[in-house]
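Engineer: What follows is the residue order along each chain.
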Amino acid sequence: MYGKGTMGLAVAAALGFAGTALAQTQDELSTLREQVRQLDKRVTEAENAAIQASSRPTGENVMNPAVSVILNGIYSNLSQDPNAFRINGFVPTLGEVGPGARGLSLGESELALASNIDHNFRGTLIASISPEDGIGVEEGYIQTLALSYGFTIKAGRFFSGVGYQNQIHAHAWDFTDAPLANKAFLGNQLHEDGIQLKWVAPTETYFDLGLEVGRGRQFPAGPAGGRNKNGVGSSTLFTHVGGDLGTGVAWQTGVSYLSTSPRDRTFDDVDSTGATVTNSFTGKSRLWVLDGILKWAPNYNPTYTSLKLQGEFFRRKENGDLTYDSTAASLGPQTGGFTSTQSGWYLQGVYQFVPMWRVGYRYDRLNAGTTSNGLVDSGALTVTDLPILARYNPTRHTVMVDWSPSEFSRVRLQFASDKSRSDATDNQVFLQYIVSLGAHGAHKF
Amino acid sequence: MKAILRLIVALSSTFAALPASAALNVFTCEPEWGALAQELGGDKVSVYSATTALQDPHRIEARPSLIARIRSADLLICSGSELEIGWIPLLLTQSGNSKVQLGNPGYFEASQYVVKLEIPKVIDRALGDIHPGGNPHVHTDPRNIARIAQALEERMAQIDPANAENYRSRGKSFRERWQAAIARWERQAAPLKGVPIVVYHKDFSYFINWTGMREAASLEPKPGIPPTPSHLAELIDQMKRAPAKMIVYSPYSSPQAAEFLSSRANIPAVMVPFTVGGTDKAKDLFGLFDDTIARLLGAVK
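In order, the protein sequence lines correspond to chains A and B.
Going by our numbering, the first residue of the first sequence is number 1, and it counts up by one from there.
Going by our numbering, the first residue of the second sequence is number 1, and it counts up by one from there.
Worth double-checking, as some hints may not be accurate.
[Claimed, not checked] Here chain A is said to cover these stretches of chain B; the calculated rule only asks that three of the stretch's residues, wherever they fall, bring their Cβ under 8 Å from a Cβ of chain A:
no.	segment
1	55 to 69
2	95 to 102
3	109 to 120
Think of the hints as simulated: they come from the structure by calculation, not from any bench.
Every residue gets a Cβ at the ideal spot worked out from N, C-alpha and C, and that includes glycine.
Working from the sequences, and respecting the hints, build out all of it.
Structural biologist: The following block contains the structure:
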């Protein structure tokens, strides 16, 4: 009885336990099922998200070229009238080389578009948007990617490889304005319509050779826009050597030669009667430029301190005929032989003393050299009939300090004492900002 | 004219031509890739690294000597992800060397072979010099180097098929030694897990992610913008509330800001090699991680 009852109890208990265990397993199973279902849902969601992420949006505009914009504005305080700017002793160039307007003004904005065209070519368009007279093409060229053995060909409009400073965009200059020599010999900056062939040697020391042929659309060629003729209006040869020294110095030096045959290259002057006359030159113009650049940064790391020294020497020979008063506005046209050998140079140093801050000094000098003017030598005219060509050696001192809070912005203050005019010193103050928007640009050495 | 020609002749005869031997000419943007190419290539490659550990790879001058080197390169190896955007495109267009142009086998971007961190959600220059493709300093995680090694090995074999066997067998041996080293480093670096650190620039993120450290702050107020006094003052306050264990900086950044914060907040500043050549002990990729972990462990004690 006792045993039976106990046994029954035990069986009942066991059954009960088993029932509970079964129920628990059932519960767990359904929980697991639910979890698996949830997981499955999340995996599906994640897969969908991954598919979405891996298929990037497509459209007509995904192959847009890299776009960047340079904006700059300037405040200029000039002690002399910028409209009367001239470089005495030197033939005026065809373009605008003066210091710009007084007061506040918007500088030239740049819009740059660049992209690889295909596996063979890269294309670049840099439009300059002047605050007054619309859009100009500063550079617009294609460049080869697929040539080997160190060869590159560029075609279109580009900054000529003559000298060093000439190839650098104004927004990347270390001073607000161009050196006097660049103004006098290249009309600020020579951009040519033409073709450039360049070869880089397979040597450890950098060595290049280049040849450019162009239309001759700008000073020292002439007339403005280029001659109405087939063939070549200007040709340039250049070569550079460069390398490293020690653990922080990089250097480069180059020679270039620019040859043009200007025809009726005109300039205005005020003759002895007080009349504004147009004179013109026809002949040959040859320019030699020797340039050198040296950059130092401890361990080639320019983040904290760096020094940059840059200098160029220009020498120009012109011979041909000079016509006085070609439009018969005063004493009437007269033509005589004209030869000149003139030179000019500048030397500048820019020192970054702490991150973001740089100071710089530049000295400019032009040498009137030797000029023989047949019209004056023969006594047909006097020096006062061609006053701008009267012998004079212009000089200029410039100092600047600039602050670049990031790679994309710069504010600069510059002072200059400019003796380009023989009769007055122009004391200039410039306060300027230069910023770049958009694609990250890369700057030449 | 004649003078130019005479000069050219004189110059060309004095210049030593680059070794035109059978060796594969490898140009690398950063020293870590130079070290990797050397591991994989052995004596079949001639490696030139454009930068050293003392240079900030974001800010490099496109020097003439670099153009000269890229001119004769068969293979170019860079981190990519826009790290070298300020200089490599210029060197490439000036080099006159089609082999290493984008799209050809001679152009190798290491960061394309790994999962990138810190891909920005918002892309705007107001956020500093950010990289839209994600953080480019991928080499600070050794697991990434293993992946890149495999891709690079194949690429070298493709460019130089005559020595393909060499690259494959050296690559296999390297990857075996590397996996063993990763296992060792992970054991050694265990105490670094969860350790809060202040970095200088966001160039250490992959290492932090690998070891499980925690980036508490960076000395740069925004990527690429040097430390400012006001930002340092904020960091001092932050360190008072929640002190980090150490400040980590690389050899190419100035120690000034790190040392300033170190003395004010009383936490050690540690220079890590960052890349091969960054310290005496970081002679190769193995030494790089050995020394980095040893230096961090030294500061965490």
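Engineer: Hints numbered earlier in the text: which of these fail when held up against the supplied structure?
Structural biologist: 3
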